[in-house]
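Could you build the full structure based on these sequences and the hints that come with them?
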Amino acid sequence: MTLYLYGIIDSSDPIKESLYGLEGAGVYNVSFCDIGAVVSEISQPIQNVTEVAILEHETVIEKLMANFVVLPARFQTIIDGRDNLRSIMQSCYKDFKENLARVRNRLEFGIKVIWPADKVKENIIQTLKEGRPWPAEPDCSANKRFIRGKLETYQINEKFKKKANKFIDAMDIFFSKFAAEKKLKRLKTENLLLDAVYLVEKNKESDFRDAFEHIKSAHEGFKFLFSGPWPPYNFVILPKKNDLLKESEKKDLFDKVIQHREPVGAREIWQ
Amino acid sequence: MAINSVVETDFPEEFVEEIEKSQDILPRKIDANPKNVEKGLAKLVLTLIELIRKLLEKQAMRRVEAGSLSDEQIENVGETLMKLENKMEELKEIFGLKDEELNLNLGPLGNLM
Amino acid sequence: MNSVMVKSKDVTLLEILDRVLDKGVVISGDLVISVADVDLIYLGLKVLLSSVETMEKLRGAPFAGPMQEAN
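Residue numbers (this note's numbering), protein chains in the order written: chain V, 2 to 272; chain U, 5 to 117; chain C, 268 to 338.
Since the hints were derived computationally from the structure, they do not count as laboratory data. If you're wondering where the values come from, they're calculated on a predicted model, not measured in any experiment. Don't be surprised by glycine CBs; every beta carbon is placed ideally from N, CA and C. Heads up, a few of these hints could be off.
Said to hold, decoys possible - Derived pair list, reagent style DSBU-like, types lysine-lysine, alpha-carbon separation capped at 30 Å:
id: 1; chain 1: U; residue 1: Lys58; chain 2: V; residue 2: Lys189
id: 2; chain 1: U; residue 1: Lys62; chain 2: V; residue 2: Lys120
id: 3; chain 1: V; residue 1: Lys122; chain 2: U; residue 2: Lys58
id: 4; chain 1: U; residue 1: Lys96; chain 2: V; residue 2: Lys151
id: 5; chain 1: U; residue 1: Lys91; chain 2: V; residue 2: Lys162
id: 6; chain 1: V; residue 1: Lys162; chain 2: U; residue 2: Lys58
id: 7; chain 1: V; residue 1: Lys122; chain 2: V; residue 2: Lys189
id: 8; chain 1: V; residue 1: Lys186; chain 2: U; residue 2: Lys91
id: 9; chain 1: V; residue 1: Lys164; chain 2: V; residue 2: Lys189
id: 10; chain 1: U; residue 1: Lys25; chain 2: V; residue 2: Lys184
id: 11; chain 1: U; residue 1: Lys25; chain 2: V; residue 2: Lys217
id: 12; chain 1: V; residue 1: Lys164; chain 2: U; residue 2: Lys25
id: 13; chain 1: V; residue 1: Lys160; chain 2: U; residue 2: Lys102
id: 14; chain 1: V; residue 1: Lys120; chain 2: U; residue 2: Lys102
id: 15; chain 1: U; residue 1: Lys96; chain 2: V; residue 2: Lys130
id: 16; chain 1: V; residue 1: Lys167; chain 2: U; residue 2: Lys58
Said to hold, decoys possible - Here's a subset of chain U near chain C, in silico, CB distances under 7 Å, partners left out:
id: 17; residue: Val11
id: 18; residue: Pro16
id: 19; residue: Val20
Okay, structure coming up:
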């Protein structure tokens with residue numbers, strides 16, 4: 002029985018409402034201690050990633066969020082049978098519990114900011130022209146001219162980055178007030194000043210939105226994007242676990258160890 | 005089937021453009037086509053060389069700005085950097101590679117350069 | 268006070284894709300049959316999703332099961 006995983010929830014209860022996911026299959030909770038893995042049965046791995054499939058996946062997760070704390074799973078995580086699902090739950094139980102506790106009552110929001118990079122650069126070039134540190138020599142060698150060109154570019158870029166960080170930090174101070182956690186990507190492109198996600202307390206959502214509106218109105222010429230609330234995709238922290246072996250493999254390995262009475266090397270486990 | 009999450013912006017096209025440019029999604033297919041393997045290797049090697057070259061340039065600029073280089077040293081550094089840059093242009097042309105192609109997306113770490 | 272809500276299909280889809288394709292609970296290893304291995308090709312403002320190549324398990328047979336035998 003192949004299972005499509007939607008996410009991990011903080012409950013071992015069955016799902017009360019009728020939920021349908023990919024292939025129109027019924028979505029149900031497979032409990033493990035006090036948490037559960039929400040799955041549906043799937044006949045084959047998805048051949049085409051379509052908008053519909055993505056939305057089906059996302060819809061199920063968002064519906065779950067109405068009643069549970071959810072750790073959303075990556076799209077198309079398909080697990081080979083209940084036994085293996087149980088193995089995963091066993092192996093990751095502690096990590097899942099920690100993450101569930103961390104994201105409880107919190108929502109993810111995304112903020113993106115485009116700034117007028119060209120204008121900023123123009124201003125910088127203007128300022129540099131006025132305070133010329135490099136004395137213009139009448140008969141400059143080609144090498145020196147090359148260096149001068151490179152130096153100008155370098156100085157412009159350094160000032161550009163400094164200016165960007167100034168703006169980002171000023172905005173971030175406002176948003177961070179209502180966020181438990183955050184992840185910032187600075188100057189992803191020259192124009193994309195900020196690409197940030199914030200994990201906001203549910204009861205601080207309106208304060209957070211107000212902060213956003215405030216920043217927006219304070220920055221003429223900047224372009225803003227606000228998205229959410231999202232399931233906490235960006236705030237699930239799982240250590241890289243490579244030891245998720247199949248039950249049958251575990252048994253083989255165990256037998257090997259008993260037989261040879263010597264430790265099985267890491268390499269062998271991975272063959 | 006509706007989702008609750010909403011994306012609010014007055015400038016959707018601009019953001020789509022920037023998101024595209026930042027190419028956050030790593031291409032995950034490994035192209036084993038022999039015709040393209042050479043080009044793939046060249047791309048990798050040249051990317052690393054470019055990285056080193058840009059780091060050298062940056063270092064040099066810091067020292068020029070700090071005024072810690074003599075006139076003669078500035079001349080020499082200028083000549084060397086110019087030659088390096090020209091050589092890279094040559095190599096890029098030979099392998100048909102553009103500047104934008106010589107970058108590595110390191111996922112959460114952003115782009116290499 | 269409220270911003271104009273423009274539900275642009277493309278930008279919403281991109282926001283969802285960015286989260287759903289690569290983040291959240293990412294489980295890998297032998298216990299997972301297939302993981303979305305998607306190449307997104309950007310064509311101008313349109314996001315064209317290529318077909319998924321299911322990643323074969325690191326060892327052993329590709330996706331096998333009663334379904335396949337029926338084929």
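Each hint tested on the structure:
1. U:Lys58 <-> V:Lys189: holds, 19 Å
2. U:Lys62 <-> V:Lys120: This hinted pair holds, its Cα atoms lying about 24 Å apart.
3. V:Lys122 <-> U:Lys58: holds, 21 Å
4. U:Lys96 <-> V:Lys151: holds, 20 Å
5. U:Lys91 <-> V:Lys162: holds, 29 Å
6. V:Lys162 <-> U:Lys58: The given pair, whose Cα atoms are some 17 Å apart, holds under the 30 Å limit.
7. V:Lys122 <-> V:Lys189: holds, 16 Å
8. V:Lys186 <-> U:Lys91: Violated: Lys186 of chain V and Lys91 of chain U sit about 33 Å apart, past 30 Å.
9. V:Lys164 <-> V:Lys189: holds, 15 Å
10. U:Lys25 <-> V:Lys184: Between Lys25 of chain U and Lys184 of chain V the Cα gap is close to 20 Å, so the pair holds against 30 Å.
11. U:Lys25 <-> V:Lys217: holds, 23 Å
12. V:Lys164 <-> U:Lys25: holds, 21 Å
13. V:Lys160 <-> U:Lys102: holds, 27 Å
14. V:Lys120 <-> U:Lys102: Holds, at about 27 Å.
15. U:Lys96 <-> V:Lys130: Not OK: Lys96 of chain U and Lys130 of chain V at ~33 Å, beyond 30 Å, violated.
16. V:Lys167 <-> U:Lys58: Holds, at roughly 25 Å.
17. Val11: holds, 5 Å
18. Pro16: Nearest chain C Cβ about 3 Å off; hint holds.
19. Val20: This interface hint holds because 5 Å falls under the 7 Å limit.
Hint compliance for this structure: hints 8 and 15 are not met, and every other hint is.
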